[in-house]
Every structure is written in C-alpha cells, then in structure tokens.
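Engineer: Sequence:
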Amino acid sequence: MKLNDVATAPVSAEELRAEIVSRYETLSKRLKQIARYILDEPNDIALETLAVIADRCGVQPSAIVRFAKSFGFEGASQMQRLFRDGLLSNNAALGYSERVRQLDQATNAREAEPENLLSEFVEGNSLAIQNLLQTVSGADMRAAVDLLMAADTVHVAGFRRSFPVASYIAYSLLQAGKRTVFIDGVGGLGLQQVHAIGPDDLLIAISFHPYSEETVAVVNAAKASGGRVLAISDSLVSPVAKPAEHVLQIREAEVRKFRSLSASMCLAQALVINFAFEATRTDGKARDNVGT
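Sequence positions in the sequence shown follow our numbering and run 80 to 371.
There is no bait here: all hints are sound.
Straight-line C-alpha distance at most 30 Å; calculated BS3-like pairs for lysine-lysine: (1) 302 <-> 257; (2) 108 <-> 302; (3) 111 <-> 302; (4) 108 <-> 148.
It should be emphasised that the hints constitute simulated quantities derived from the structure, not laboratory data.
Work out the full structure: start from the sequences and follow the hints.
Structural biologist: What follows is the structure, given as structure tokens:
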C-alpha cells in the first residue's frame, strides 16, 4: 500500500501490530525503523512525547506522523491512544523500558566492583523475566505447544549466543519423549542437517539481534522444504520471525553491555514443561479410549 492510499485505521493495539507485521516489508527504510520501535517498545509509544519517540527511533517527528497516516490514523496521537487503551491496560507493564534505561545509566555511572555486579545482573534479569509476561501471553504459549504436539519431528537451531537455549530445548524435548533433532552446525553442516525437515516437522529457531546468518539460512531452508517454524526472537519482524508460523518474543536484559539469557531459558523451560504436561494428558486420554 502506498502512503497516499486510503487506509482504515486499526481499532486496537493488537490489530495495529498485526497490520505492521503484515506490511513491514513494503515500508521504506525510515518507516521500518518506526515500525520496529512500535513493535518492540509499545510502552514508549503510549507514554512518551513525539519528540522523544522520534529521537529514540532516529527519525524526524514528521516521519512518525507520516507513518501513522499511512495506517489510516489522523495523526500520531490517535495511534498512541491505542497503546494507552490497549497494551498498557495492565499497570505491571508500565515503565519497563524506562526502568531498563535507568538501570543502565546507574550501572555505567559506577565502577564495576564485585559487590555491585551481582546485584546489577540480578536486577536486570529480574526486569527481563517480569517483562516476559507482557510479551508472551497464555495464547502464545498455547499456540507454541500446539505446534509441538502436531509435529512429527522437532528440529531445534540456535547459534552463537542462542546455542545454550537451543541445546536445552533439544535435550529437554528428548527427555520428554519427543522425536527431536538438534541442528548444532558442527563442521559447518547446519544446512545439510536441515535437509531432513519435512512438511510434518517443526523447526524451533532461536536468534536475537544481530541475528546469526546460520539461523536465518536454516529457517529459509526449512520453509523451502515445507516445514513449519516456531521462532523465539526479540522482534516480531526479525529475519527468523517473519517467515515463522508463530513467534515468542523476548526482550533480554543488558547490563554493562552484556546481554543475558535468563528470560530465554525461563521461556524454554516453560515451553518444554507445558508440552510434557500436554503430551501426558493426551497419552492418558488415548489409553482411556483404548480401554473403553
């Protein structure tokens, strides 16, 4: 859709987010910057002034107004109102981004002493885990478990920083009795390993900014083979999220420029345990049916 086309404005924050994801690839470079910020920082969009949002997006305020009008709004304030009325109805979500920024400023203002570092990382990781409940809903978890249940074989890929999360998910799914293949990329054979994915299989792909080329390539190969993709990523429009059937969005803590994996591991554990419980219930019902 061109900027001067007439569009009907979304009536809820969730509807707007879905529309942004759908139209993301058609947007200009500057509008993509705004789109990603809206998806990743909904609290800021609701609470901050246009000047502050523009500064954090790295664009002019007029670009945000243009963005809003391209989605059918009369102006930026009408678009912001959706987030105030919708996504921010839960007061627990208020101020997360600002609290992260304050923590970052506080930690950078003092020396990295042993007695300070532990408390800094604990606080940062606690914020990230608390925010997980705002980015991943019960419906999101239900959809992810349904994908796991429906898959004949689950393939798991995550490289570099995401490797520990991927290996944990693969190990835990195997322990839960699910046929699982861990795409570890040993010997540079990641793409060769993904060739086994078929239409009845699921790929769980874990990747965070700046997104490993290996994971993106594996996702594209899986889609080309007809497989389904469950992405765990920090943005709904990341290269691993866009092709996916479903996305679990995580925003990890970053303390003194070191990014954590606490929220990712928490989500991974919840996902696998949810699947194990569901599989047990399903097996129990199947045995009951056989006995009747």
